[in-house]
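Engineer: As a plain string of letters, each chain reads:
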Amino acid sequence: MFVLVRTIRSTKLIDIDAAAARWATRYADAIGANLGE
Amino acid sequence: LQRVDQAQSSALQEATQGLKDELRQETAAVLGTRVSLTWRSRFYPNRGDSRGPAGFVWSKAPRIIDFWSAQRVVTPLGQAFAIPGEPGHQAPRPQGDDRRSRAAIWQAAGRSPERRQHRAVRDAAALEERQRLPRTDQGPRARVEAPNGC
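For the protein sequence lines, the chains are A and B, in the order given.
For the first sequence, this note's numbering begins at 3 and goes up steadily by one.
For the second sequence, this note's numbering begins at 678 and goes up steadily by one.
Just chain B, with the same shape it has in the complex (with noise of 0.2 Å):
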């Protein structure tokens, strides 16, 4: 009896950790290393008045693990998604000579520079703005660190 225990240990063993380094092989394949290494495993031998040996593999990012391993309709818990899309918004990178002229670049993308500045401006007049008003200890921040009782 003891040789059949020992016999279904060491093919547990095998077959947990086997299992475990395919779905690695497989997650890093799909989402890269870092994903692949969430697999996790546990072996329990059988010994003492254990029933049986058991072996147990689970991801420490099921949710991730659970989006690729079915094919579903997946809605958000909120009102929707956001997917990042073009880095429209970015400015173009300076490259070779047109590093020294900055606005040059922007009119080559289609930009007006004008619109950068009109924005400096304003941010400039809003912060000017608020230099103006008289600062109060009233705000949030405040109220929050306020003792209890008050």
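Chain A extracted, bound-state conformation (with noise of 0.2 Å):
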């Protein structure tokens, strides 16, 4: 049995931009470490 629905709300459970950004900003800290050693 099945249901015909016309529209769908998706929910947001990944957040790629969050992770990509938090990602950036570690590897800008990276650098920094790599270089001071």
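By construction, these hints were calculated from the structure, which means they are not laboratory data.
Even glycine gets a Cβ: it sits at the ideal position worked out from N, Cα and C.
Don't take every hint at face value.
To be verified - Taking CB as the label site, the calculated pair distances span:
(1) A:R28 with B:R749: 28 to 34 Å
(2) B:I741 with A:L6: 18 to 24 Å
(3) A:R24 with B:P739: 18 to 24 Å
(4) A:M3 with B:E806: 25 to 31 Å
(5) B:A757 with A:R28: 41 to 47 Å
(6) B:G729 with A:M3: 53 to 59 Å
(7) A:R8 with B:G729: 15 to 21 Å
(8) A:A20 with B:T710: 19 to 25 Å
(9) A:A35 with B:R749: 37 to 43 Å
(10) A:A35 with B:L678: 16 to 22 Å
(11) A:A22 with B:Q756: 34 to 40 Å
(12) B:D682 with A:F4: 55 to 61 Å
Stated by the list, open to error - If you want a taste of the chain A side facing chain B, the calculated C-beta under 8 Å gives, among others:
(13) F4
(14) L6
(15) R8
(16) S12
(17) K14
(18) I16
(19) A21
(20) A22
(21) Y29
(22) A32
(23) I33
(24) N36
With the hints in hand, could you dock these two chains into one complex?
Structural biologist: As structure tokens, then:
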């Protein structure tokens, strides 16, 4: 048995942008740390 | 300058791998391990005439990830989405002592075993009718298999 629906509201459960932003910051920090060694 | 390149390269490699792992974890929590393993990454180190190191992270299931990575209204390409509902059409499964009497299970579930019987009788009649008709080789399959120019 199936229910037919016209639209579905999706939910934001995976935040790609936030993860990318976090790792961009860590990348910058890691360069600094590597150069400081 | 080589030291800077090296520092940049190893930092980016770490970040690429880290981002992929984090996205995999996040996806596994929502959609399970199999979808989470669609995350891929590629790291291009800074070697030779390369302009600089580069890291890419992407998913092999972009449409699934896309659905769960934003809050928006999704409309179907066709007329509607078909959402699987309650398995109401399925026969109740026999359990314990009921295993012996299938009719009793059907009655307990509020269905009449006669309905099933009627359907079976109808199917048998349809089969009989089909067998009675003369067989032809002019069906769609025969036409498809005919060589070109026929």
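Engineer: Now tell me if each hint is right for this structure.
Structural biologist: Against the structure, the hints:
1. A:R28 with B:R749: 28 to 34 Å: 29 Å, holds
2. B:I741 with A:L6: 18 to 24 Å: Taking Cβ atoms as reference, B:I741 and A:L6 lie about 21 Å apart, which means the hint holds.
3. A:R24 with B:P739: 18 to 24 Å: 21 Å, holds
4. A:M3 with B:E806: 25 to 31 Å: About 29 Å separates the Cβ atoms of A:M3 and B:E806, which means 25 to 31 Å holds.
5. B:A757 with A:R28: 41 to 47 Å: 44 Å, holds
6. B:G729 with A:M3: 53 to 59 Å: 56 Å, holds
7. A:R8 with B:G729: 15 to 21 Å: 48 Å Cβ-Cβ, so the 15 to 21 Å window is violated.
8. A:A20 with B:T710: 19 to 25 Å: For A:A20 and B:T710 the Cβ distance comes to about 22 Å; the hint holds.
9. A:A35 with B:R749: 37 to 43 Å: 39 Å, holds
10. A:A35 with B:L678: 16 to 22 Å: 19 Å, holds
11. A:A22 with B:Q756: 34 to 40 Å: 36 Å, holds
12. B:D682 with A:F4: 55 to 61 Å: Because 57 Å falls inside the window, the suggested range holds.
13. F4: Interface hint status for A:F4: holds (4 Å vs cutoff 8 Å).
14. L6: 4 Å, holds
15. R8: This interface hint holds because 6 Å falls under the 8 Å limit.
16. S12: 5 Å, holds
17. K14: Holds. Min distance 4 Å.
18. I16: 5 Å, holds
19. A21: Holds. Min distance 5 Å.
20. A22: This hint holds: A:A22 lies near chain B, its Cβ roughly 6 Å from the closest one there, short of 8 Å.
21. Y29: OK, holds: A:Y29 within 8 Å of chain B, min 4 Å.
22. A32: A:A32 check passes; min Cβ-Cβ to chain B is 4 Å, inside 8 Å.
23. I33: 4 Å, holds
24. N36: Interface hint status for A:N36: holds (3 Å vs cutoff 8 Å).
Against the hints set out earlier in the document, a violation occurs for number 7 only.
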